[in-house]
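S.K.: Here is what each chain is made of, one letter per residue.
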Amino acid sequence: MANTERLNTLQFVKDAIDAVSQKQDSIDDKQSGEYRALQRAYIILTTAEDQLVYEDMVDVVSKLESAANKLNDLVKQMNKDLDGLKTVAKVIDKAATALGTLAEIVSKAASAGIL
Amino acid sequence: MISSQAVAIGFGLIFLFGSATGCVLTDSQLAEVKKFSTASQGYADVASEPIRQYGQLLVTPRLYDTTILDFNNTEDLKVAKDAFDAVKSDRDKFAALAKKLKGHLGVLDKYSEALTALTSEDLSKEVTKSAEDLGKAIDKDIKAVNGIRKAQGQAELSLIGEAVSSAVSTIGGWYLKVRQTELTKAYVDKMEPNISLIFEVIENEYSPKVCGQQKDLSKRIWEGFKKRAQASKIPSYSDTRAAFDGITAVSDAYALCTSVVENTIAYKGAHTALQTKLKDKVDLKEAIKEVSDFGKGMKALKDDYKTITAIDKK
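First to last, the protein sequences are chains Y and U. Its first residue numbered 1, the first sequence is counted upward by one per residue in the numbering used here. Its first residue numbered 1, the second sequence is counted upward by one per residue in the numbering used here.
Heads up, some of the hints might be wrong.
As the list claims (entries may be wrong) - No farther apart than 30 Å at their CA atoms in a straight line, the calculated lysine-lysine pairs in the DSBU-like style are these:
1. U:Lys35 - U:Lys279
2. U:Lys277 - U:Lys289
3. U:Lys185 - U:Lys268
4. Y:Lys80 - U:Lys35
5. U:Lys110 - Y:Lys70
6. U:Lys279 - U:Lys185
7. U:Lys296 - Y:Lys63
8. U:Lys268 - U:Lys279
9. U:Lys215 - Y:Lys63
10. U:Lys99 - Y:Lys70
11. Y:Lys86 - U:Lys185
12. Y:Lys14 - U:Lys233
13. U:Lys185 - U:Lys34
14. U:Lys277 - Y:Lys86
15. Y:Lys86 - U:Lys279
16. U:Lys302 - U:Lys34
17. U:Lys110 - U:Lys299
18. Y:Lys63 - U:Lys299
19. U:Lys100 - U:Lys110
20. U:Lys279 - U:Lys289
21. U:Lys125 - Y:Lys94
22. Y:Lys23 - U:Lys219
23. U:Lys125 - Y:Lys90
24. U:Lys99 - Y:Lys63
25. Y:Lys70 - U:Lys279
26. U:Lys226 - Y:Lys23
27. Y:Lys76 - U:Lys281
28. U:Lys136 - U:Lys125
29. Y:Lys90 - U:Lys110
30. Y:Lys23 - U:Lys78
31. Y:Lys30 - U:Lys78
32. U:Lys279 - U:Lys34
33. Y:Lys70 - U:Lys277
34. U:Lys306 - U:Lys296
35. Y:Lys76 - U:Lys268
36. Y:Lys76 - U:Lys34
37. U:Lys268 - U:Lys110
38. U:Lys277 - Y:Lys80
39. Y:Lys94 - Y:Lys76
I should point out that these hints are in silico values taken from the structure, not numbers from a laboratory.
Isolated chain Y (complex conformation) (with noise of 0.2 Å):
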C-alpha cells in the first residue's frame, strides 16, 4: 500500500473506531447482542490499526535501511584503512624478528669458528 494511501486509510480506520466507541457508550445495556457486535467490530478495527502501524514501522525501518547501507561502505572502507595504520607497528616488529635471528645465526656461527 502506497505511503499516502496507508495514511488515509489508517486515519478512516481511528475515525471507525471512534464512532463505534461512541456508539458503545450510547447503549445502556452493555451486556446486549447490540453492544457486544459493535464489540467485535471495535477489535477487529484495532487489530487493523495496529497491523496499518506496523506497516507504515516497516517503511519507516526500509528508508533507514537504505540510508544506512550507503554508511555501511563508507564503514568498512574506514575499517580496512584502521588496519593499514596497524601494521606500522607490526613491519617494527617484523624487523625486530628478523635482527633477533641474525643475532643468533651469529653467535652460532661464531660459537662453530665458521666466523
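Fit chain U to the given chain Y structure using the hints.
M.R.: Structure of chain U alone, referenced to chain Y:
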C-alpha cells in the same frame, strides 16, 4: 661513533616528520572526537526500542477488549480467540522489526567505534613497544658481532639499540598521528551527508509514525478499561492497576521516543560542529557546545532506556 651517527640520523628524520605536524589534531580536538564517539555509542539500541515498545504496549488494550465479550456466544468466542492469538504474533512482529532496525542503525555504533580507534593512543603505544623490541634486537646483533671482534682483538662496537628505538618510536608515532588526523578528518567529512540522510528519516518519518502512534495507545487502554469497568459496574483493583500501569508505560515510552528524536537532532548538530572544528589545527579553548549537549542528552536517554527495559524484564 656509530651511536652518535644513529642519533643524528634519528633526529634528522624526526625533524623531517615534525614538519608534517602542522596538520596533526590537537589534544583538545582529539578529546572532542572521543567525547562525540562515546556519546553516540548505543544509539542503535535506544532508537530501535520505541518500535519494540509499541508491540509490548498494545497487549493491555487488546486483551481488555476481549474481556467484555460473551464467551458462551460462538461468534464472540471466535473473535476473542482470534484476537488473543493475534496479540502475541503482533507483539513479536514489532519486536522483530525493532531488531531489524537495530541492525541497520548499528552502522552508527560501528562508526563511533572506528572513530574511537582512529583517535586512540593505542596505535602509538604498539609502535613504541615494537620500536623497543627492535632496539633490543639490534643490540643483540651488535653483542653477537662484538663477541667475534673481541676474539679477533678488535675494538667493540657501541650499542645503538636505545637510540634507534627512540628514533623509530618517534618517527612511527608522528607518522601515525599525521595519518590518524588525515583519516579522521576525511571520514568525518564523508560521513556528514550520509548521517544527515538517516537523521532526516528519523525527524520526518520516524517521529510521526513511531512516536505519534505510540501516544494513541493511551486512549485505547483507557477505552478498554472503561468498557470493562462499565460491564462489571465496579472495576477491580487489578484492572485499575493494569490500566494505570499501561497508561504510565505508554507515557514513559512516548517520552523515550521523543527523546530519541531530540537526541538525533543533537547528534546531527554535534557531528556538523565536530566537522567544522576539525578543519584546522586549533587548540580549542573550550568544549564544543553541541558535542557536550549531545553527550548530556544521550546519557539521560540511555538511563531512561535502561529503566524502561529493566521494568520490562521484571
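S.K.: All the hints need checking, so say for each whether the structure fits it.
M.R.: Verification of the supplied hints:
no.	hint	in the structure
1	U:Lys35 - U:Lys279	17 Å, holds
2	U:Lys277 - U:Lys289	11 Å, holds
3	U:Lys185 - U:Lys268	16 Å, holds
4	Y:Lys80 - U:Lys35	23 Å, holds
5	U:Lys110 - Y:Lys70	13 Å, holds
6	U:Lys279 - U:Lys185	7 Å, holds
7	U:Lys296 - Y:Lys63	28 Å, holds
8	U:Lys268 - U:Lys279	17 Å, holds
9	U:Lys215 - Y:Lys63	23 Å, holds
10	U:Lys99 - Y:Lys70	20 Å, holds
11	Y:Lys86 - U:Lys185	18 Å, holds
12	Y:Lys14 - U:Lys233	27 Å, holds
13	U:Lys185 - U:Lys34	13 Å, holds
14	U:Lys277 - Y:Lys86	26 Å, holds
15	Y:Lys86 - U:Lys279	25 Å, holds
16	U:Lys302 - U:Lys34	18 Å, holds
17	U:Lys110 - U:Lys299	19 Å, holds
18	Y:Lys63 - U:Lys299	27 Å, holds
19	U:Lys100 - U:Lys110	16 Å, holds
20	U:Lys279 - U:Lys289	17 Å, holds
21	U:Lys125 - Y:Lys94	16 Å, holds
22	Y:Lys23 - U:Lys219	16 Å, holds
23	U:Lys125 - Y:Lys90	12 Å, holds
24	U:Lys99 - Y:Lys63	15 Å, holds
25	Y:Lys70 - U:Lys279	24 Å, holds
26	U:Lys226 - Y:Lys23	14 Å, holds
27	Y:Lys76 - U:Lys281	27 Å, holds
28	U:Lys136 - U:Lys125	17 Å, holds
29	Y:Lys90 - U:Lys110	24 Å, holds
30	Y:Lys23 - U:Lys78	23 Å, holds
31	Y:Lys30 - U:Lys78	19 Å, holds
32	U:Lys279 - U:Lys34	16 Å, holds
33	Y:Lys70 - U:Lys277	25 Å, holds
34	U:Lys306 - U:Lys296	16 Å, holds
35	Y:Lys76 - U:Lys268	21 Å, holds
36	Y:Lys76 - U:Lys34	20 Å, holds
37	U:Lys268 - U:Lys110	16 Å, holds
38	U:Lys277 - Y:Lys80	25 Å, holds
39	Y:Lys94 - Y:Lys76	27 Å, holds
Of the numbered hints given earlier, the model fails none.
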